[in-house]
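2 protein chains.
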Amino acid sequence: MFGVTILGNNSAIPAYDRHPTAQVVTLNEQLFLLDCGEATQMQLSRYKVRRSRINYILISHLHGDHYFGLIGLITSMGLLGREHPLHIYAPAPLQGILQAQLDVAAIVLPFPLHFHALQQEGVLVAEDKFSIECFAVYHRIECWGFIIRENRKPRKINKEQALAYNIPGYFYERLKNGDDYEPRNGETVKNEWVTIPNTPGRSYAYCADTIFNPEVAAKIKGVTMAYHEATYLDNLIERAANRFHSTSKQAATIARLAGIKQLLIGHFSSKYEALEPFLTEAQSIFPNTQLALEGVSYRIL
Amino acid sequence: MFGVTILGNNSAIPAYDRHPTAQVVTLNEQLFLLDCGEATQMQLSRYKVRRSRINYILISHLHGDHYFGLIGLITSMGLLGREHPLHIYAPAPLQGILQAQLDVAAIVLPFPLHFHALQQEGVLVAEDKFSIECFAVYHRIECWGFIIRENRKPRKINKEQALAYNIPGYFYERLKNGDDYEPRNGETVKNEWVTIPNTPGRSYAYCADTIFNPEVAAKIKGVTMAYHEATYLDNLIERAANRFHSTSKQAATIARLAGIKQLLIGHFSSKYEALEPFLTEAQSIFPNTQLALEGVSYRIL
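Chains as they are written, first to last, in our numbering: chain A, 1 to 301; chain B, 1 to 301.
Mixed in with the good hints there might be a few duds.
Claimed, not checked - As a list, the in silico DSS-like pairs of lysine-lysine whose alpha-carbon atoms are at most 30 Å apart: (1) K176/A - K129/A; (2) K48/A - K271/B; (3) K271/A - K261/B; (4) K271/A - K153/A; (5) K221/B - K159/B; (6) K176/A - K48/A; (7) K48/A - K48/B; (8) K156/A - K221/A; (9) K190/B - K156/B.
Simulated from the structure, these hints should not be mistaken for laboratory data. As the structure is a computational prediction, the values presented were derived from the model and not from experiment.
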């Protein structure tokens, strides 16, 4: 199971019962929280997402609609008796803000809170089953996007060939991991002679607040699904640029340039009550677009 | 019109769709926000309270369930173009926390934000039509209660007597304000000879998180309506004391000792789904008790 559940899809001021940005990515048993606008903890309850399973929180930037809910979530986790570690990746100044809020309340969290300041593009976490990367996007203040990748599954054994090369059964697990077989006497059996690649790992890119910039497409090239902000419709393209935001068509253009399979758009301006026009405009450029709707889970296929 | 609208009535962790503490007191055209837990700005929208009319925000203490919604409310007020001043009364360390959050987002608010650190008991604001006082309550960290009083209305003129003393019509307004009349020739006419007192001003006391302490009753003596926290039921009286909270019966005892007319109870623990037992227990000691229910406005009579 690899998917993303939207908890908030609105920009800046909450409106029309839409909440500020937050999403949860589920990758098998792991939950990743991407941004954490105000009331994210209430949204997690409403949509029955188990906060105890969130081990990674990634914060794109320090505009309030992307992180004001974080301190409430953390302190609630503490009140609920969490003991296992929580990792936060965010712009550096957030650490002092969180600590100040814990200090004035004389709170000592019952779990280890590991704060990692985002500093350069690249891999943040490389675990057996997944990895997390960050990349810079282009907003008014320091702002980051993230890619969550499921690791490429082990290679499949081509049984006919493996038998032909007399590879012993005990070595099959190592073959799956890509190792060559070196018999005591004789020539090395190259891994690719006796295995075939498995399905490539899927990936999800989160492009938080950003002006339209084709470099974003280069950074998320080939991911399976991307979320890209779409704050305005096409007729407000100048306002979007002035405020370092994108339009729906621009988000779709990034998706097309990046050669991805599925696009999600969100971060809708409070100006708009109806969201259908965002979908229509984006689909004119990238047909496989969906609106990021609160409470809905989108499977990454 | 003098009343209070409940926006959040739960303690600590939000539960059963109950929100952390926040209430709005309406006194004619003035709105006063008492505490501001997470998602208060959403609750203000939900219950159609006009945030532009809030000019005073009073924060009792720096546990997150009483102030995590403040920064979001303030920044939204800015985005909505507020220009008139906002006054915040709160424990001193909050100022640095708010400023740090504005700084990292490079936000300059378009309205004057006046932060007043709470330092000693007494009158905070004395305006023509109302006054605000603060008093210390007894919690784990620095914590304050507040009293909002409508000013005693002007005195009523006893027309028969005013005519008998030959008081000219132009002086009637000054009579209402309590002035004596001093004719050019002759003896001073004492105000109380020609006027009668009006109804006394009503008042609302807000007793935020506190352990049971009869001194609180002394501090709110004779107010019209009080809100007192009631985190637990009577069977958890020891837990209440250990955590510097009160039970429902203790809140009712304070109301009886203080000789008030109406009691509101709230700040219910997330342990409890049903709230009726809080009412039953409190009414056994102070019959004119009501549960503080979200979205409900209680008139101060």
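Status of the hints after comparison with the structure:
no.	hint	in the structure
1	K176/A - K129/A	holds, 15 Å
2	K48/A - K271/B	holds, 18 Å
3	K271/A - K261/B	violated, 46 Å
4	K271/A - K153/A	violated, 44 Å
5	K221/B - K159/B	violated, 35 Å
6	K176/A - K48/A	violated, 37 Å
7	K48/A - K48/B	holds, 28 Å
8	K156/A - K221/A	holds, 26 Å
9	K190/B - K156/B	holds, 14 Å
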